[in-house]
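Enquirer: Each chain, letter by letter, is given below.
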Amino acid sequence: MTRRLALFVGGAAVAGIAGVMAFGAPSRAQQAGPAVADSIASTYLAASDTADLRGPRQPIFFRHDLHAGQFKMQCQYCHYSVNVSPEPGIPSVETCMGCHAIVAGSDSGGRAEIRKLRQAWSEKKPIEWVRVHFLPRHVHFPHQVHVGAMGPNACATCHGDVSRMPQVFKVNNVNNMGWCISCHVERQVTRDCTACHY
Amino acid sequence: MADEGPTQTLDRRKFLTVLGVTGGGAVALSGCSTSKVEKLVPYLVQSEDQVPGVPTWYASTCTECAGGCGVHVKTREGRAIKLEGNPDHPVNRGKLCSRGQASLQGLYNPGRIKSPMLRSGDSFAEISWDDAIARLATEVNKAAGRVAVLSGAGPGTFSDLLADWTSAAGGTMVRWEPIGHEPIRAASRAVFGIDEVPSHNFADARYIVSFGADFLDGWLSPMEDQRGFAASHGFDGDSARFVSFSPRRDLTGLNADEWHAVAPGSEALVALAMANVIGGAGAAGGSLSAYTPEAVAAQAGIPAASIVRVARAFAAARPSLAVAGGAGNQTRGAVELATAVHILNSVAGNVGRTVLFGSGPTLGDGYEGLARLMGAMDANQVGLLLVHDANPVYALPKSAGFAQRLAKVPFKVCTSLYLDETAAACDLLLPNHHALERWDDARPRPGVVGLMQPVMEPVFQTRHTGDVLLQASQKAGGALARFSAPSYETHLKDAWRSRATGDFDTFWIEALARGGIYPDASADGGSAAATASAPAAGTPALTAALPAFDGDGEFVLAPYPHPFLHDGRGSNRPWLLENPDPVTKLTWHSWIELSTATAERLDIRRGEIVRLISPHGELEAPAFPYPGLHDDVIAAPLGFGHTQYGQFAKDRGTNPLDLVGPPGNATFIPYVSTRVRLEKTGRFKELATTEGNPRQLGRGIAEAMPLDAARRGLTVRQAYIEAGHGKHEINTELEMEAIQGWRDETIEARKLGNYATEHPAWGMAIDLSRCTGCSACVTACYAENNIPTVGEDDVIRGREMTWIRIERYWEDPAPAAHGALDEAGGEHAAEGVTHGHPEARFIPMLCQHCENAPCEPVCPVYAAYHTADGLNGQVYNRCVGTRYCSNNCPYKVRYFNWYKYNERSWPEPLHLQLNPDVTVRGRGVMEKCTFCVQRIRGAQHQARVENRALRDGEFTTACAQACPSDAIVFGDMRDPDSRVAQIRSNPRGYHVLEDTNVRPAVTYLAKVLHPAEA
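Chains as they are written, first to last, in this note's numbering: chain H, 1 to 198; chain X, 1 to 1014.
To be clear, the hints were calculated from the coordinates, so they are not data collected in a lab. The model shown is predicted, which means the values in this text are computed figures rather than measured ones. The hints are all genuine.
Partial chain H-side listing against chain X, Cβ under 8 Å, derived:
#1 G89
#2 S92
#3 V93
#4 V130
#5 R131
#6 H138
#7 Q144
#8 Y198
When the alpha-carbon atoms are kept at most 27 Å apart in a straight line, the in silico DSSO-like pairs for lysine-lysine are as follows:
#9 X:K39 / H:K116
#10 X:K39 / H:K170
#11 X:K39 / H:K125
#12 X:K114 / H:K125
#13 H:K124 / X:K39
A virtual CB, placed ideally from N, CA and C, is assigned to each residue, including glycine.
Bound conformation, chain H alone (with noise of 0.2 Å):
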């Protein structure tokens, strides 16, 4: 068995943007996806703005449509772990930082969420996101296998085209098993049971 031996090691400098831009393919997947009909391509919603719009409300708006969809930034940026692990990585807070250290917003709805950022990384809390696709825990799904195997629209499949979201929303009913089964019969891959449940 390879195991991957880590350190303990006291002090060490806590791994900063460089490292995480070292992450990612580039991936075409956010131009190459489905149109979403409620998605909104205006750059100017506020906060305010949120409850009209599909999806759960997040602590901060944050604006995949502008991340992902104008400045066309790499999904794998954020999602650091997706090419690695069964986990794609939420982006810790520092990775925010990393760039809105700097960059505090063109307009005011964006500059008071940036604020909550900036508060939560002062205060030194978590952001506490509001899930939007879950498995229920008897289901195992590897992102790096999935990600490896569909090539560069793998994450728009399932996901559907953030980069057309101001708010995340659930497009497609990822939690219903024929969700999956449609998906590997049309690619004739294993059905077996235990591939997803153990």
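Please build the complex by placing chain X on the supplied structure of chain H, with the hints as guidance.
Expert: For chain X alone, coordinates are given in the frame of chain H:
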């Protein structure tokens, strides 16, 4: 945390708060509802060595016994979830016993002291660390030189610091381990003039004789000794013979090819008689002349001819090995016994070959040191007592009077992690970090230094005792002011600087990654022998006689260390309480063993509560008639009867030490020194046993064959036929025809869908000639697969959930093994392979992943089905709990969740140990061994990401990984080069209940019986 120093750098880990999906907790099958709000809480600062969803491993050192095994700690999202052996470490080479694995339940134990406490009246009040340290400093100054320290910590930098600190504070430190090995050390002094306990090379020994040494139950270096024993006694073309002389057959004794129930205390005489036979009466300076086999035979109660025969075979096999000195045989004559065995080894030429000096364990001060300390306490010479890593109030016989003397000390400080009996009697509690939370090192023996590093943020508000000492020193000033290291971590590094070759930082990082510094495992064995000297035996004055016993009861009481609970320190860990004692198969409560003949004579039934009375006390416990016991002996396990020590240990069973007299002037605790009277109470208790029928009843479950047949490469069936005991024909021609048709149809049916393409076929091989029944695999399975412990009541109802269990069967000496003996006639005729006593057979029983699995077709919802890669799958979320599968399983390896074990088996913070890769099953779900499918899928995913094929041995199941005897091998049977495929073709291979034609994927290799020499 307000403290400075080592924990400061842990800050980033504080924010490890976890992703919802992996964030631990007893999470049951939660259905598919999406209505509830779940939170995703990312790291504030991403730790560079933690990737969510991927385990991070840290190298460390096990501190559960003095063996000092290297461990790898598996952490997920910042919490330790499993301990496995470090494959590079020379002591354990990747293996780990149950006690070592259960260290995790010490870390997450609900009975841990959560913060510093100060006595207020009859209870304790929480205080801050600043106040606690200030108080310690004040009290140390107040005691003004009358400071004493009692430490159970093994040798290492911390022990050195503690000793220095104690002498600077003007006091004395006593290093004491309850089950020490002082008698052996005293004997080494007497015979060889070396103040040392030797280490033993079991692997090279061709003939092993044990005089009660429990080297498979956790004696000197349990992992090393068990590995060596499996190498020599396991069958690999040949096997060493193992003979045991002991009043009780412990797990070690059950692995013996021949057992002699000698009278308690007569072992030394037998050893000397053997030396007499080998070396002649003139050996060892002529002092052996009195110990003729005939004279000894009468005292020991065994035939003289047996002594002569074993002695001759022992001398003829070179090298051989004799060992002595288990606590369960520790009479007042323990030093004489160890001396006799040293002489025996010396006469047989084993010293320097299998008995090695120069590499033995480093010992403490023995009971002698503790007795001195107690004398000082008695004389009011101790103003402050600091107890570190020891629980003398429990581990000493009550008659020794430690508690009374402790009460005389004005101020008592305890650094115990748990509120044990000693801590409860102290004034100031300064809970230490667990070994997995702290910086430390250990020197288990010369040439091996193990390192420990914190693998996670401390679970509670505890603090490293090293830091506490350093901080208190600064507050106290005076002579203590010289302890000025800013933290224990710095102190440890400074202590290591002299070991560095080249740049220290590089050296330190390498040493941490390796888990310490030690010789390469590959060079081990040979090197140990090379460095050991072969000292010549002196001529000690021999005065071996039957030792004295207190009282005038009918029976000699033999308390023995429980294989898992040891001296009682394991009793707060549910894994160790529920994993059945390998010998009696009892769980969760104490018991009293008496021989089956005695039980019959006194009409005492299994489970009948009996009262034992000695001059020092009395106790009650249920009786367990046991065939492996001398008729004059009553045995009882240590480890039960705690009055404190957390919810799992407290008020559980009774402690046989209550009956034992004070050690007096002895340099060790003579556990076996009391005679007891037995009274019936007429009451009964249902035993919490996991044993079904103790006999195989001809079912051929745990098979065995004689050594000769195994050497000639016969199969089990051929060996039976040759011995004139043809088993009934398995699958007659007519049956085969029917089976074949059915099989063809099954194969046809499996050409669809998933089954159409080539897949691995996962399988397992278990070598019963190597398996000792130690049950490390069982604990590993509990840890890996989130198996709930159900508790005493539910074990009584037969609802334990253990996916792999060790079955222990009694077998009368096999006729096949007897054959040759009967022909030889004479003494041997009466003596089977186990001297007429039933032979014990151990067999690990787990889901056999049958190809024609009977459980599968009866499941109405397809929860039990066969995967394309040969697993007998169990889909928890499909299961509706009809239990048809369990009823149809011939091996009884399916387990049903009768209750919400998921909610009650892991009281906080034990739930942090759960493996996030395995579903925690809820009530109403059937579960069973999955061949660790999460490991299979994990390895497949990794191979997929790296775009390569799986390699044999790249991963294995938790049981195979843990097995200290290397008896279990797992892999792809379809790959002809895999280890498992090769082992499966061994002629000793058979399947359990083969005639049911279920075609199991688990192949057992028959045990090999080593008959008595002609």
